[in-house]
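K.L.:
Chains as they are written, first to last, in the numbering used here: chain F, 38 to 324; chain L, 44 to 283.
Any given hint could turn out to be false.
Distance condition first, Cα-Cα at most 30 angstroms in a straight line; then the derived DSBU-like pairs of lysine-lysine [unchecked claim]: (1) Lys101(L) to Lys69(F); (2) Lys174(L) to Lys101(L); (3) Lys59(L) to Lys101(L); (4) Lys174(L) to Lys59(L); (5) Lys59(L) to Lys69(F); (6) Lys91(F) to Lys147(F).
By construction, these hints were calculated from the structure, which means they are not laboratory data.
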Amino acid sequence: MSLWNILLDTLTQGSIYFLIAVGLTMVYGILKILHIAHAAVYTIGAGVGLAVFKLTGSFWLALIAAMLVSGLVGVIIYRGVYFYMLDQPRIVPLITSVGLFLLIEDLLQKPYLMGPYQHAFPAQEVFPSITLPWGTIPNAQVMILTLTGVALVALYLIFTRTRLGLAWQAAAQDREMAGSVGINLNRAIALNFLLGSALAGAAGVLVGVFYNSVYATMGDVPSYKAFVVIVLGGMGSVTGTLAASFLLAFAETVLLASVGYVLPRDAIAFLVLIFVLMFRPQGLLGR
Amino acid sequence: MHERAPLLQIANLVVKYGHIQALHGVSLDVQPGEAVAILGANGAGKSTIVRAVSGWVKPAAGRILYAGEEITTLPSWDRAARGMALVPEGGHVFRDMTVEENLRLGAYLESDPRTVRERMEYVYTLFPVLKERRRQIARTMSGGEQQMLAIGRAVMRNPQLLVVDEVSMGLAPVLVDTVFEALRQLKEEGVSMLIVEQNAHETLNVVDRGYVLENGRIVLEGMADDLREDPRVQAAYLGG
Numbered sequence: 038m039s040l041w042n043i044l045l046d047t048l049t050q051g052s053i054y055f056l057i058a059v060g061l062t063m064v065y066g067i068l069k070i071l072h073i074a075h076a077a078v079y080t081i082g083a084g085v086g087l088a089v090f091k092l093t094g095s096f097w098l099a100l101i102a103a104m105l106v107s108g109l110v111g112v113i114i115y116r117g118v119y120f121y122m123l124d125q126p127r128i129v130p131l132i133t134s135v136g137l138f139l140l141i142e143d144l145l146q147k148p149y150l151m152g153p154y155q156h157a158f159p160a161q162e163v164f165p166s167i168t169l170p171w172g173t174i175p176n177a178q179v180m181i182l183t184l185t186g187v188a189l190v191a192l193y194l195i196f197t198r199t200r201l202g203l204a205w206q207a208a209a210q211d212r213e214m215a216g217s218v219g220i221n222l223n224r225a226i227a228l229n230f231l232l233g234s235a236l237a238g239a240a241g242v243l244v245g246v247f248y249n250s251v252y253a254t255m256g257d258v259p260s261y262k263a264f265v266v267i268v269l270g271g272m273g274s275v276t277g278t279l280a281a282s283f284l285l286a287f288a289e290t291v292l293l294a295s296v297g298y299v300l301p302r303d304a305i306a307f308l309v310l311i312f313v314l315m316f317r318p319q320g321l322l323g324r
Numbered sequence: 044m045h046e047r048a049p050l051l052q053i054a055n056l057v058v059k060y061g062h063i064q065a066l067h068g069v070s071l072d073v074q075p076g077e078a079v080a081i082l083g084a085n086g087a088g089k090s091t092i093v094r095a096v097s098g099w100v101k102p103a104a105g106r107i108l109y110a111g112e113e114i115t116t117l118p119s120w121d122r123a124a125r126g127m128a129l130v131p132e133g134g135h136v137f138r139d140m141t142v143e144e145n146l147r148l149g150a151y152l153e154s155d156p157r158t159v160r161e162r163m164e165y166v167y168t169l170f171p172v173l174k175e176r177r178r179q180i181a182r183t184m185s186g187g188e189q190q191m192l193a194i195g196r197a198v199m200r201n202p203q204l205l206v207v208d209e210v211s212m213g214l215a216p217v218l219v220d221t222v223f224e225a226l227r228q229l230k231e232e233g234v235s236m237l238i239v240e241q242n243a244h245e246t247l248n249v250v251d252r253g254y255v256l257e258n259g260r261i262v263l264e265g266m267a268d269d270l271r272e273d274p275r276v277q278a279a280y281l282g283g
């Protein structure tokens, strides 16, 4: 595997990890809830995106619809479920979240929704492939890298330049006190779910297009793998999650290229997780 | 005596943590412009009153009125919007933010940037050390500096009612003086206060009136001067 391919795979895979995990990180940062059902929101995004793409033929409409619906589903999960568990021990929303994830995934497998099949998502042609002196970036990867770049800039601006971003940071550091300085926590947390879930929905579409495949159980691996990323990133830190996404993607890519015939990708991820937790339980980038 | 409604009125407040009852029907009030102390030993329920007034804990019974309006079940941010600011026990500064960011968050509900800057300058005159440290991350500061920051952050709200919980706890004596001097100055500027303290001596020099709390009940109330002379207060809280 060439250096160029390692770089490209790391960036692509890292981007996907980040888009999925950042919503989890934001939720964990403020509510300390391990929101497993986030992976179901990602699958819903892929499903909605594909449905709208089939209907309209427009990738952009599909992406926007996926983000809107996923965002809304996220808000509904918060206001309809977690909201009533905020004062409970953290194990209560955690177990609920697992239940919610299995419930949604099971529903999605019904024939009137996604059924037990893989569906093609042929929107790769929307983006051009780019040829650079060092190699070529295929069109689906151009899509993932550009859109993740846009999301990163938007997140950075929201977190550092807006009152909402300040409110999120304050709530993540001290939720009770954030309320007492006048931050409407109900609204701030709902918007937090909205954005995090919309990004997961976008990730669903991007992954669906990248692998040309959308199916009801596509959230299975991300449901636990996103936790590898947020644990490595130090639980609740957005910049930590960003670093951990690319670090994990890099480790996977390199190890896959060298010992891939023994260790598949996901085994590598969890080996890294177990190894890190044994020696740095606060995460690679945690304090 | 008072034509206006009390700024803060607590009536028959009961708070329970699980099966443990922390407050057994507490009633007290703070008039506009008045500073009122709640004195009592550790575990008497002082901080529970603050948590209920701030909206951090739901009362099992009783009412809390602010300027004549019921706020018993309002979320904390609505209380802040009505003009209340909190200096909680331990300060609760936003630990990964700078001094300046903490102060800005204190004025979260103030949209005019010039007003925010003016208030920040005012806080810096109250606590010059905060100006020197304005780029420092809050968690790296000493306990005393964090307490000053917590007071400064509350002042940024330009509050009608300042609720202060155990601000002198764990502070070196010289810092205790600085902190109480700041509270005295705020009171002179017309800020009403509810001050919860173990340090009765310093507190009674600032407040107009006080209540003594024991085992979740108010056992004594009176003007500050009378409380200072009261043999029960002297024996229990003034070391005399």
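K.L.:
All the hints need checking, so say for each whether the structure fits it.
P.N.:
Tested hints:
Straight-line distance between C-alpha atoms of Lys101(L) and Lys69(F) comes to about 21 angstroms, which keeps the hinted pair within the 30 angstroms bound. Restraint check for Lys174(L) and Lys101(L): not satisfied, since their Cα atoms lie roughly 37 angstroms apart, outside the 30 angstroms limit. Distance hint between Lys59(L) and Lys101(L) is fulfilled; the C-alpha atoms sit about 9 angstroms from each other, no more than 30 angstroms. At most 30 angstroms may separate the alpha-carbon atoms for a hinted pair to count; Lys174(L) and Lys59(L) exceed this at roughly 41 angstroms.
A distance of roughly 25 angstroms separates the Cα atoms of Lys59(L) and Lys69(F); the hinted pair therefore holds under the 30 angstroms criterion. The straight-line distance between the Cα atoms of Lys91(F) and Lys147(F) is roughly 19 angstroms, inside the 30 angstroms bound, and the hint therefore holds.
Violated hints, in rising order: 2 and 4; the structure is consistent with all others.
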